[in-house]
Amino acid sequence: MLKNGFKAVVVIVLALLLHKAAFAAEVVDLPPEELAQESVLPVFDKPVSVKNRNIITDGRFETDVFYGYAMTEPIANVSKIGLGIYYNTSESSAWGLLLAKNSSGLSSYADQLNQQFSLQFDRAPSPDMTGMIDYNLKAFYGKMSITKSVVFNTLLYGSASVGAVKYVHKTYPAVALGLGQKFYFTKNWAFRFDLRLYAHQAPVPFLAGRLKPAEPVPNYSDFQERLTLTTNLDVGLSYLF
Amino acid sequence: MKKLLLLLIVASFVMPAASSAQRKANSKQLTPRRTAPVIPSNSREATLRNQLGNALRMAQGGQYESAANALFSLSRRTELADERPQIKYILGTMLIELKMYQTAAFQFVDVIRTKHPKYSKMAIEKLSVVADSLGDDTILNYAISRVDLNDFPANLKDMIHFRLGEIKLRNREFGQAAELFGRVSYGSSYYFQALYNKGLAELEANQPALAIGTFNKMLDARRKAPVTDTNRVAAQIGLARALYQKQDWEASIEAYSQVPRDTIMWHDAIFEQSWAMLRAARFRSALSNFQTLHSAYYEDFYMPESLLLRSIVYLYICKYDEMEKVLSLFEKTYGPVRTRIGDFLKTTTEASAFYAEVEKAHFMKTTDKSANLRLPYIVLRHVLDQGDVKRSMHYIEKLNQERSRVEANSSFRASPLGQYALKILSNRGRNAKFAVGDMVKAHLLNMRVELRDLYEQAGFIRYEMITGRKESIKKKIAGKDIGTEQIDEKVDRQFYIQNGYEYYPFKGEYWLDEVGNYHYLGKQSCE
Chain A
22 MLKNGFKAVV VIVLALLLHK AAFAAEVVDL PPEELAQESV LPVFDKPVSV
72 KNRNIITDGR FETDVFYGYA MTEPIANVSK IGLGIYYNTS ESSAWGLLLA
122 KNSSGLSSYA DQLNQQFSLQ FDRAPSPDMT GMIDYNLKAF YGKMSITKSV
172 VFNTLLYGSA SVGAVKYVHK TYPAVALGLG QKFYFTKNWA FRFDLRLYAH
222 QAPVPFLAGR LKPAEPVPNY SDFQERLTLT TNLDVGLSYL F
Chain B
878 MKKLLLLLIV ASFVMPAASS AQRKANSKQL TPRRTAPVIP SNSREATLRN
928 QLGNALRMAQ GGQYESAANA LFSLSRRTEL ADERPQIKYI LGTMLIELKM
978 YQTAAFQFVD VIRTKHPKYS KMAIEKLSVV ADSLGDDTIL NYAISRVDLN
1028 DFPANLKDMI HFRLGEIKLR NREFGQAAEL FGRVSYGSSY YFQALYNKGL
1078 AELEANQPAL AIGTFNKMLD ARRKAPVTDT NRVAAQIGLA RALYQKQDWE
1128 ASIEAYSQVP RDTIMWHDAI FEQSWAMLRA ARFRSALSNF QTLHSAYYED
1178 FYMPESLLLR SIVYLYICKY DEMEKVLSLF EKTYGPVRTR IGDFLKTTTE
1228 ASAFYAEVEK AHFMKTTDKS ANLRLPYIVL RHVLDQGDVK RSMHYIEKLN
1278 QERSRVEANS SFRASPLGQY ALKILSNRGR NAKFAVGDMV KAHLLNMRVE
1328 LRDLYEQAGF IRYEMITGRK ESIKKKIAGK DIGTEQIDEK VDRQFYIQNG
1378 YEYYPFKGEY WLDEVGNYHY LGKQSCE
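Protein chains in written order, with my numbering: chain A, 22 to 262; chain B, 878 to 1404.
FYI, nobody ran anything at the bench for these hints, they're computed from the structure. Treat the hints with caution; some may be incorrect.
What the hints assert, rightly or not - Under 10 Å between C-beta atoms, here's a sample of chain A residues computed to sit facing chain B: (1) Gln58; (2) Ser60; (3) Val61; (4) Leu62; (5) Asp66; (6) Lys72; (7) Asn73; (8) Met165; (9) Ser166; (10) Ala220; (11) Gln222.
To be verified - Computed list of chain B residues with no C-beta within reach of chain A, every gap over 10 Å: (12) Asp987; (13) Asn1093; (14) Ser1165; (15) Asn1249.
All C-beta atoms in this analysis are idealised placements derived from N, C-alpha and C, irrespective of residue type, glycine included.
Modelling step: build the complete structure from the supplied sequences, incorporating the hints.
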């Protein structure tokens, strides 16, 4: 008891003597030997990349609203608006449902074709809605800082989806593969970017002798079908709860 | 090895013949009337010697298992009592070939006990080598205690000097220990361990200047080794400790910072460096280290002292709120630890129960699985890291490996030698576990005492905190309080980026690549 008391007194007296010297100059002066000189990692029994994660997804739901842009769609309107809801079964997996409604009308390219060659592509069937069951494999959790006081946590994931793309006259089964990135600007809110490649049967909008105003209006069934690949970029806002 | 076996076999044919002739002569002199029954006895001995010859030929031909079985059987024959030391010695060498070191060690111990003029000395050499590879202190001490260094072959003298040095070090005879370690020659595989232990003995003898020289010598000798070479890193941390003991704080800090991050010794280095920083009045630097040491990566580390040290640094810079948090963390973390150690010690007496706990913790440490522990994992992990426990666990592991080797060979397992080996391994394993249990108990008792002392110190520190806080409030009321601005408050982020540093505001998340790179940028709050 006395020994410990003595130790404490010595330490405290030392504190009083030393503290003024230690903080005499308040400048950022990091001694070279304290700065990182190695790019290697410390050794632990069970090394993990991160502890005390800011963003915990396991066992939580996530909803998002997004705008979709069909990057390789030549004729139909390239925009769609969608909703998604996901359940995170672990820190590495999430399952979700995506529903998107396509905007009506045609792409600007189709409008140009109409103006120059009087081709009325609104006679061709166009996509109306998309519904997919989506699996996300969350591969990399990270963080980035762009200002002195702001840190974004990031999540890079792969996605695989199955579902259907509904055209105005018919529904086609579809699959999609993609990559996504989320930027969490709070512990709940994130910007979400998804790049997906969709594959499904779809009507070919080019039908000779049926697209000009003077030509007879074709039935939707007149359009041939083929496997169509569409690259889609979704940009959205996600809420984790 | 084969050459040695050939020599032994040649010797074995000469020795039994000589001893047999001598015995016959003695027999004639002492009991002339026994000449009649000599014929059947000679015949039996001739048969046995023939069997011995066959066994030795098998050994020469590399049929170690068959040779060992035959020799084991012959070693039990009363007719070959005179040849027993030799048979057992060769049996031991066969068992070494079969990687059955513990069973071999027992053969050599039996030979040493016979005090045979030739084979006892040879058995001591072999026993030393076997015990060294097993890491078994008991056998090693037994062998070493019977060593006459002058009779020992030169190639084994280094090992004996090293082991004797270890014994002296354990007995706190530091001068003699350093002298013995100093005798280990440069080419020996024990050289660097001996050099490290020499420095350690010099530090224990309070001769830091000598220790600095020893560790520098070791560092120079390992200069060309990889940066994470165990001996090189051990020398580096040894040097840092010696400089600390010499109270050369700045040099010590520099030496600690040279310990590579990707080595297991780095964790000790960063904690010890914090002490040196405190002594050098580099409080900001010490607090930077504490950010690492008290990160989530260290939740399994038993470091109660580091929390108190951090609270003392906060006291130095009048950060009473931070101090309160750290003291509360100390009590929250180590209060239950103290209680559970106390309860366990009160309710547990069996050494096997102590061993069972560390065995479960060892399982948890080496696999991803969990176990139902009666003691906190941080306590058991700390105990597992203690040198004596670590060494004994390694020995038990060696015994298990030997047992697996026996059990994997069904024919050998069924043989009398296999059964004998299993019995030996079972007994040694049980005794080693009891010994570990006792070590664990001793460590737990020490930890209980240490925690009691630290709790007392925490009480004193809390008292100082309350006093300091009271003074601070008085100053605040008098309008003398200083602001809470941080050191880097006005420094733009570009400052860090331009200087090549990564800069992230800390938000409570710990990343493996950031551990060791934290820098405290707060400032003191004293007037």
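What are the numbers of the hints that this structure violates, sorted from low to high?
Checked against the structure, the hints that fail are numbers 10, 11 and 14, while the rest are satisfied.
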